[in-house]
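Using the sequences and the hints given, assemble the complete structure.
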Amino acid sequence: MDNERRQFLKQACWTLLGGGLMVSGALSIPGRAHASGGRQHLYVFLVDTNRCIGCGKCVAACRKENNVPQESYRTWIERYAIGNDGTVHVDSPHGGEHGFKPLPNAADIARSFFVPKLCNHCKQPNCVQVCPVGATYVSKEGFVLVDERQCVGCGYCIQACPYGARYMHAVRHTADKCTWCYHRVMKGMQPACVLVCPVGARMFGRIDDQRSPLYAVMKQEKLQVLKPETGNEPMVHYRGLDKEVR
Amino acid sequence: MKHAAHILRLVVVLILVGVIFFAVRSIMVPEDFGTQGSYSYGYFRAASEQEQKELVPVFRGSEKCKGCHDAQYNTWAQGKHYSVACETCHGSWHAHNNNTKDAMIKDNSPDACMLCHASVAGRPATFPQIDSIDDHIARKGGDPKEGQRCSACHNPHNPL
Amino acid sequence: MTELMTQGFLFPNEIEVHWSLMIVLYPYITGLVAGAFIVSSLYHVFGRTELKPVARFSLVAAFSFLLFACTPLLFHLGHPERAFNIMFTPKFTSAMSGFGYIYSFYLLLVLCEIWFVFRPTIIAKAREGHGLAKAFYWVLALGSMDDSAEARALDHRVTTVLAAIGIPSACVLHGYVGFLFGSLKSNPWWSTPLMPVIFLMSAIVSGIAILIVGYFIVMKVRGTEPDEACLKSLYAYLWGFFIIDLTLELLELLTMVYEGEESWSIIAWLLSDKLWFSYTTVQMLICSGIPLVLLGLVTLKKMDPLLRNRLGLISSALILLQVFAMRWNVVIGGQLFSKSLRGLTSYAPSFLGREGILMAAILFTMPFVVMYVFNMILPLWHDDQPETNQA
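Chains as they are written, first to last, in the working numbering: chain W, -10 to 235; chain D, 10 to 169; chain Y, 4 to 394.
Rather than coming from a laboratory, the hints here were simulated on the basis of the structure. The C-beta atom is built at its ideal place from N, Cα and C for all residues, glycine as well. It is possible that some hints are incorrect.
Claimed, not checked - Derived CB-CB ranges, DEER-like:
(1) Ser92/D <-> Lys232/W: 25 to 35 Å
(2) His162/W <-> Val260/Y: 37 to 47 Å
(3) Gly177/W <-> Ser107/Y: 45 to 55 Å
(4) Asn378/Y <-> Glu40/D: 43 to 53 Å
And the structure:
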């Protein structure tokens, strides 16, 4: 009921916005009735911030697996160090790819932890919403992907992503980001970062797959997502997320 | 309306522009574009999904190493480093198999160990970590001056 | 090197600013289009006859800027050869996707209006001319040499209709640019429903200002006296629209300060550090305060035309700078802080290069070249051509 009204409001807004432009009628726009169009969002990425040791193996493996250009990051690790006086120090040298150095004034630190970041493959991704040419989209399985042959390289999606997950590919000149290793997952493998993580801080799987290690965690733990206020419904879930993490 | 002939000509020109545009558009847009249901999320070139599926994985998982490296595999599988995949330290299977056999990283320098086991702000307190190798060796009754490596006491495939 | 450029913490993909000087130039030029067109419509639709001296000039100015409005975008795109994707496969959930169609529609509309306004001139040229020139003007007239009183009356009616359609189109063309920024929830410096209105108002303001400056320069070059009534009217409009524009800009800031949301601390840092010069000093103090006072004096006080025009010209120039600073502060400013709200990065355009200062200067000069060429083909100024009953 509520959902229906929301759908209606959404539809009405789009009709108003797009209506004028589509008078030509020559643009083939297939069924817009269902927002998700049969898309499933059963895959979940789970990050356990209590386990991450900041070794950077995931960042390095991601670069190799996906040929990520230097200075760009599909995934990265942030370190938070909250001082006894409440000051927050955050760093991520080279995205944590070469690990982290000890901090100078360790005695003043109240708590510190690592937070791996990557594309959230949101259920309502606003990068997909803002792409003017249909170059970024949601696959049937709920992965947010970029079509490098369609992308014009305007960078609007990079601006729209609340998480800084996207970058302009220095070689292809198109927008690029983490795919959750779509090419691996579709072959039944784990994403490269999950595979190489030595401490199991990264988990990936389907929420309906009872054999997956993720299944137990999803059932037992209290989980959080980044910036839930965006309404993007991110699908990377965090265990033990601190309030200082944005 | 006798004097509207020039307006008619303009309209014809405009229609012509429109027709040419939509003709070009129909040639340029791939047939599989926007065939994936939802306009919000499915308006894209359908072949792109398949293209991405076909990318070749670089990391293949520890099971791949078994056949050739049985001894190391078995040691590792029973040890404390079982949570650490072969490729985490040794580099990707793809690099090892597509280039030379040398492409496999075999780094048992203290730096390689300290990447994970150095005491660094941010690491969970429960994770085994040491402040300095010298102190660690001294505490264990060794002599740091002898320049021992971690692997002198710890088998990287099965430490402790 | 990157450490020197940044302060605090940024997500590693945020260190580089993606939308460069070109994306500053694009809304600036588009704004000039919208503003110039509104002035021409004040004459064609709303019957502000005192604006007749600049009616043709403003229409052609709008056209010339429009021709180059999208060039900065082409220089910025990673794949300019795919630019037409925006019209071939537009995805209307994106604010940006409207660009291709809105732009093309508006370009055709302005072209048609120009054609109707200049038709008597084109026909006269076709009659006078010889050989190639004659053929050229004949083609321009689409081979129709009907300039009878009835045909002109019809043209006049069509022009009015086109100008009337043009006003909302101009508003859409520029309001959409504002919406493009204002609708991004990821960026607290952009995300405000006021953004489209602010863009629209600043567009009108910049359009009027460039017409005033342009009109002066042309009159100086031609050695003619500018029309005082026309200028007085332009100053009044400029003042009025600028008051609305500035009010909205201040309202946006005031709301941010007062609400003091999570993002305010980083924006306060941004405004007092990276944007201290371009926003606080240039946009808000010098280039807003001075024109506001001067234009008030010009509009409300009786004064000598020479003094009035000097003050008006200074105000117009400052306002052109104000609007450019506003575009800069929105586009660049919005990318200088991290979406983690924990740090700032830097941006300085290179001089050379595809998205550099030189290229921006060339692109900005091109509309004036177009106006010059246009004037050679079809004279813009009334004393150069037979008086017509409609333009």
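- prompt: Can you name, in rising order, the numbers of the hints this structure does not satisfy?
  reply: none
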